[in-house]
Amino acid sequence: LAKTTQPISMDSYEGQEVNITCSHNNIATNDYITWYQQFPSQGPRFIIQGYKTKVTNEVASLFIPADRKSSTLSLPRVSLSDTAVYYCLVEGASGSARQLTFGSGTQLTVLP
Amino acid sequence: DTAVSQTPKYLVTQMGNDKSIKCEQNLGHDTMYWYKQDSKKFLKIMFSYNNKELIINETVPNRFSPKSPDKAHLNLHINSLELGDSAVYFCASSRQAYNEKLFFGSGTQLSVL
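Sequence order for the protein chains is A and B. Going by the working numbering, the first sequence opens with residue 26, and the numbers climb by one from there. Going by the working numbering, the second sequence opens with residue 10, and the numbers climb by one from there.
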């Protein structure tokens, strides 16, 4: 059971790079790591997914060390509109219900 | 066009009533889900259907019953509503059941008085 742990909240300023780390000590071999963003009164939205090393897309990068016991979501040059809750989800091929349950997430507040 | 749509957006009702929330996806996905988000923002999986078959049935009171008439629809019926059922309920879908990104609806805010 890959339970995830994230900081409850983070503050940043516009234009800065933000790194949010998620711990998942019990990650299984087949598990993937996915990050979601949620704005108030909306459903979560997919940001990025990875299995190992580094993944980059147009909005973020995901860094996963060799032991895969943690992952770091990196948001380059954040803006006010990046203020949201960010969730780390570890899910496996077994489709276990608990592995599809999100943690409490990290409230990122971007200040002007 | 909204990819995953759920209705109603708000639902206010009295204890003991029975209510339903509907969900539809136009993405052609095989798998659909119901999640519950409580006041502490935890998102807990409740049910999942893959090609109309129930594949995840998390520990949820029997008062909650999902129904999937076809791949594009997954409804949630709740009997004998209780105060503790107040939460935001999200429907989601994914292309397949495993390691696929989830597409969420905008949620249904259920308030039980």
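Please note: incorrect hints may appear among the correct ones.
[To be verified] Mimicking DSS-like on lysine-lysine, the simulated pairs with C-alpha atoms at most 25 Å apart in a straight line are:
1. B:49 to B:80
2. B:50 to A:94
3. B:110 to A:94
4. B:28 to B:45
5. B:80 to B:53
6. B:80 to A:28
7. B:53 to A:28
8. B:50 to B:80
9. B:61 to B:110
10. B:76 to B:45
11. B:45 to B:110
12. A:28 to B:76
13. A:28 to A:94
14. B:18 to B:110
15. A:79 to B:110
16. B:76 to B:31
17. B:18 to B:28
18. B:18 to B:45
19. B:28 to B:49
20. A:28 to A:79
21. A:94 to B:53
22. B:45 to B:80
23. A:28 to A:77
24. B:110 to B:28
25. A:28 to B:110
26. A:77 to B:28
27. B:45 to A:28
Since the hints were derived computationally from the structure, they do not count as laboratory data.
Status of the hints after comparison with the structure:
1. B:49 to B:80: Violated, because 31 Å separates the two Cα atoms, which is more than 25 Å.
2. B:50 to A:94: holds, 24 Å
3. B:110 to A:94: holds, 21 Å
4. B:28 to B:45: holds, 15 Å
5. B:80 to B:53: Holds. Residue 80 of chain B to residue 53 of chain B sits at ~22 Å (cutoff 25 Å).
6. B:80 to A:28: violated, 30 Å
7. B:53 to A:28: Status holds; Cα separation ~13 Å.
8. B:50 to B:80: Status violated; Cα separation ~28 Å.
9. B:61 to B:110: holds, 19 Å
10. B:76 to B:45: holds, 16 Å
11. B:45 to B:110: With Cα atoms ~18 Å apart, residue 45 of chain B and residue 110 of chain B stay inside 25 Å; holds.
12. A:28 to B:76: violated, 29 Å
13. A:28 to A:94: At roughly 11 Å apart (the allowed maximum being 25 Å), residue 94 of chain A and residue 28 of chain A satisfy the hint.
14. B:18 to B:110: holds, 23 Å
15. A:79 to B:110: holds, 18 Å
16. B:76 to B:31: Roughly 10 Å separates the two Cα atoms, so the pair holds.
17. B:18 to B:28: holds, 13 Å
18. B:18 to B:45: holds, 14 Å
19. B:28 to B:49: The given pair, whose Cα atoms are some 24 Å apart, holds under the 25 Å limit.
20. A:28 to A:79: holds, 21 Å
21. A:94 to B:53: Distance ~22 Å between residue 94 of chain A and residue 53 of chain B Cα, so the pair holds.
22. B:45 to B:80: Given pair residue 45 of chain B, residue 80 of chain B holds - Cα atoms ~21 Å apart, limit 25 Å.
23. A:28 to A:77: OK: residue 28 of chain A and residue 77 of chain A at ~18 Å, within 25 Å.
24. B:110 to B:28: violated, 29 Å
25. A:28 to B:110: holds, 19 Å
26. A:77 to B:28: Violated. Residue 77 of chain A to residue 28 of chain B sits at ~44 Å, over the 25 Å cutoff.
27. B:45 to A:28: holds, 18 Å
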